[in-house]
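Engineer: These are the residues of each chain, in order.
Protein chains: 4
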Amino acid sequence: MKIENSFPGKDVSAEDLRSKFPLAAKQHPTHQTIVNVGGAEIGGREIVTMMGPNLVENSDMIFTIAKWAKENKVSMLRGGCFKPLTFPYRGEKYFETGLEGLKWLSRAGSEYGLPVVTEAVSESQVELVAEHADMIQIGTRNMQNFPLLSTAARTMKPILLKRGFGASLRDFMGAAEYILLEGNSSLVLCERGVVAPHTHRATSRFLLDLQIIPAAKEITHLPIITDPSHATFWAPWVKALALASIAAGADGVMIETHIDPENAAVDPLQPLNLEQSTDLVGALKSLADVVRGIN
Amino acid sequence: MKIENSFPGKDVSAEDLRSKFPLAAKQHPTHQTIVNVGGAEIGGREIVTMMGPNLVENSDMIFTIAKWAKENKVSMLRGGCFKPLTFPYRGEKYFETGLEGLKWLSRAGSEYGLPVVTEAVSESQVELVAEHADMIQIGTRNMQNFPLLSTAARTMKPILLKRGFGASLRDFMGAAEYILLEGNSSLVLCERGVVAPHTHRATSRFLLDLQIIPAAKEITHLPIITDPSHATFWAPWVKALALASIAAGADGVMIETHIDPENAAVDPLQPLNLEQSTDLVGALKSLADVVRGIN
Amino acid sequence: MKIENSFPGKDVSAEDLRSKFPLAAKQHPTHQTIVNVGGAEIGGREIVTMMGPNLVENSDMIFTIAKWAKENKVSMLRGGCFKPLTFPYRGEKYFETGLEGLKWLSRAGSEYGLPVVTEAVSESQVELVAEHADMIQIGTRNMQNFPLLSTAARTMKPILLKRGFGASLRDFMGAAEYILLEGNSSLVLCERGVVAPHTHRATSRFLLDLQIIPAAKEITHLPIITDPSHATFWAPWVKALALASIAAGADGVMIETHIDPENAAVDPLQPLNLEQSTDLVGALKSLADVVRGIN
Amino acid sequence: MKIENSFPGKDVSAEDLRSKFPLAAKQHPTHQTIVNVGGAEIGGREIVTMMGPNLVENSDMIFTIAKWAKENKVSMLRGGCFKPLTFPYRGEKYFETGLEGLKWLSRAGSEYGLPVVTEAVSESQVELVAEHADMIQIGTRNMQNFPLLSTAARTMKPILLKRGFGASLRDFMGAAEYILLEGNSSLVLCERGVVAPHTHRATSRFLLDLQIIPAAKEITHLPIITDPSHATFWAPWVKALALASIAAGADGVMIETHIDPENAAVDPLQPLNLEQSTDLVGALKSLADVVRGIN
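Residue numbers (this note's numbering), protein chains in the order written: chain A, 31 to 325; chain B, 31 to 325; chain C, 31 to 325; chain D, 31 to 325.
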């Protein structure tokens, strides 16, 4: 089969596949990369779950969540330490925990045998993050910060690349190609919602794009997961969109979990509490078993 | 519980629920309408499947599809007879079958015990459609054609209301309210894709909005289904989005099925053939069983 | 020059121009229709201004505005009598004035020698509107209500066709073609804002698309105007966008003018008062003189 | 007048103005910053024009354009030396000229007494760019690359901040605040088109948002210009949108000018040639004279 003939009317052309992102392009229908992050396999038969708080607020909370995660067979622990903020001023409750948070996260992961993923916001942080985390997250606002992409890639750590909230699939592939070109093929894509005219909440502006899942599966061998927490910005809708992601063929989900959502330092409407998270993990497991059988 | 206090930051306010669409508004978390269309129940524990061609091209094809549908336990037969076309000129292959098509559809439904749904494009057609079909579809381009909504509602036939491709959830509720106000409460909503900046195919411009599923479930008691065929405009992505819809909590899906997609009179890239449709029906059934258990 | 060769990469292809909307298509770079509405010429060297209230609330207000309009050399009087409402229930202040309003509008126009334009919402109203108005407006929600388009066209009255707020330029041309095909070539297009991710006001959701002006000028001979009042939904921004429309090459603007905006029966944030309207008319005149010289 | 009371229904709240971007917020209706870039004043009574090639391809072309610019009273010379590319591979014609290009640009500016603006793509380039250019441009893909913003700001050079193509006005203000917080108040905003459902060309995806001009004028004292070349991606539409920008109240425009557009190394559909540029400069001048009088 010639992949290159199969894209009439696609935003991404056969010529793009050959010359714009040859490394990210799928070479054969069965071509699929599996990224191993400290034992968690992303892109294989099992879905992955990356769960944890938006911000690693203190040591206790991240150890509590890590313990819960381990008990519930969550694949990876996520948590923000360095964070890009829309505004330079922080709210009353907010405090960035930086390197200290990174160490808490790292220790919590080690203690419970969970690989950890966290974001690097600037080139100068990359080394530090690479030292303490198992996977480096590039955030939506930095998807086209090409020097950061290349610097992160050169650590040879697995990379989680979030789609820019205004970026096309073609832009997304371009960003992926920068990472792959450094010889780092441990790359996972993440759809996290895009700007759209209607999002059904006055306080949010993102719509989870699930058409990108089959679209990405057609053109690239890279695994792709979704982040329904940031897309919906509203805890009651997270489960529906997480399940939908897996049903659409996503290789996993990244979910915000907090021990006390109402008192979260950032975005309190968004995280699930532990009880809701446990319910979601169970639901995802049941669903994934079926989806595996029917695709 | 007071529903009206639960919508801070929602596009739809508590005031809207009370004064703009009191009939469509959910009055209690368990408030859920079940619409019965000739035996098919929409909004209950079982999901519904409405399948059939974009255009009822001839008698043979609709009987073949009806037979297949019956054998595969599809809930309802869909097919277009009268169609709103973007341009007044028809392509070489295209021909509207109108009343003749309506009779073929109706007979095929009767023959195989399947309720049928088809679109009414103008007020003057409503009576005719009501006479021959079990459910009247209002298309996306007519969602705010209020005289048509009211005329269709007054037949007391069940109505399938497709969301306008530029319409907000609030607009959608307004259109629903026009129908309910006529005393017709057999109303089903249908998400069919909205205009969005990126859709991943150069020839399409719609993105299936699955956030509307939990959003609608919060504010209205009306059932809601999706149409992944029109949203994706690309057969290979239909299964992924149909499964995602059910996982997100939709009450069913409407799917284009054709006996020979390549030679379809309209939109040949969109329909599934019978084999693909059989596979999809099986997958939906397996998925729905699980989703029912985990929600 | 062959128009058909000049559209590489255009949403509208040369094939569309030939086969989808041959009547609306521009046949030569100088091909430009001028629509005469009771003496007001739209599409010629002079810009047109259509001003008046969203709703013709009573006789006094429309006569006051008509008198003001005449004194300020406004081209046409606009005013709603029949209106499509998102919800079936009207607010406290709101009342549709229907035929009575239509007569007030018509008499005010006659008294001051101003052609009038008003909307027809349903096929059954078309005759009545045609009898009392000089131009029939088709609203954004009805742009693809094809029976209404054809019915309105057959009155042979000039038609003002507003772009659907989710419609593409190609959709817009399709709707225009339905009207032209009835032998009615007195057709004016109107851009009134489209749904977009960011509109800078929480209570509005439209963005005035000014790229459509040069785009339309390339492919169609039909005049095109804009409606900055509905697009911005905010009186303080109307002047900026009205001026921008003319600078972009629009053939005119439609503006909401009210004698007492704060107490307007509908959308009180939107209309200009008479003083602001006078200022705008003067500004538009000055601008148009310059724009004519530099294009 | 209390600005803070004047934003009911605005995406940006009074609370945002006080606590999220107090430095960028307008404190009084007449509060307006004028940024002086080597003699060119941005934000004052005169509009500014920044013209030049997408890429400074060689010494000859930039000197030719600089000479032309001086003769035509263009305010500033623009030209790319370092460029963020969507894909890591360059086309046949493309070559980044980097430091060499920067020196050509700088010398051409000096020779003809024109201040120059060029983009810095990474923190490590900032010093170099600051040394050779009069104004540092932050590109759309880097609008939320906060370390880059702060680094550029600390050079105390004037900054041209382009809006992210998916960013809200609120996001834009947040990015501006990062720059102002470094004590650098020589900041100019630039609207360059945002992602939108319809853009009227298959090969482009941006819509110039002119509603942001009056919106920005309401909430911030910072000057704002537009870039119609990148927004439209199509030379024949640039003039219309440039004129519209000035009519809407923009403080200037940035335009791509090339000596030989057909053979441009990047985006050949976009630049104006010198003849077209001369025509545009004249038209802008005539228009600005009128707009100044009517606002």
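Calculated from the structure, these hints are not laboratory results.
Worth double-checking, as some hints may not be accurate.
[To be verified] Looking from chain B toward chain D, a few residues come up when the C-beta cut is under 10 Å (computed):
hint	residue
1	T116
2	G196
3	V224
4	A226
5	A232
6	R235
7	P298
8	L299
9	N303
[Claimed, not checked] Over the 12 Å line for every Cβ pair with chain A, so calculated as not near, a few chain B residues:
hint	residue
10	K40
11	K100
12	E141
Glycine included, each C-beta is placed from N, C-alpha and C at the ideal position.
Engineer: State for each hint whether it applies.
Structural biologist: How the hints compare with the structure:
The restraint placing T116(B) at the interface with chain D is violated, with a minimum CB-CB distance near 14 Å, outside the 10 Å limit. Hint status for G196(B) relative to chain D: holds, with the closest Cβ pair at about 8 Å, below 10 Å. Of the supplied interface hints, the one on V224(B) holds, with its beta-carbon coming within about 8 Å of a beta-carbon of chain D, less than 10 Å. At its closest, the beta carbon of A226(B) sits 6 Å from a beta carbon of chain D; the interface hint therefore holds under the 10 Å criterion.
The criterion of a C-beta within 10 Å of any C-beta in chain D is met by A232(B), whose closest approach is roughly 6 Å, and the hint holds. Hint on R235(B) holds. Least Cβ distance to chain D is approximately 7 Å, under the 10 Å limit. Interface hint status for P298(B): violated, as the beta-carbon distance to the closest one in chain D is roughly 20 Å, over 10 Å. The beta carbon of L299(B) comes no nearer than 17 Å to any beta carbon in chain D, farther than 10 Å, and the hint placing it at the interface is violated.
Because the closest C-beta pair between N303(B) and chain D is about 29 Å apart, greater than 10 Å, the hint is violated. Listed as a non-interface residue, K40(B) fails to keep its Cβ farther than 12 Å from every Cβ of chain A; the least gap is roughly 6 Å. The Cβ of K100(B) sits about 22 Å from the closest Cβ of chain A, beyond the 12 Å cut-off, so the non-interface label holds. Distance check for E141(B) against chain A: the nearest CB is about 30 Å away, which clears 12 Å, and the non-interface claim stands.
When held up to the earlier numbered hints, the structure conflicts with 1, 7, 8, 9, 10 and fits the remainder.
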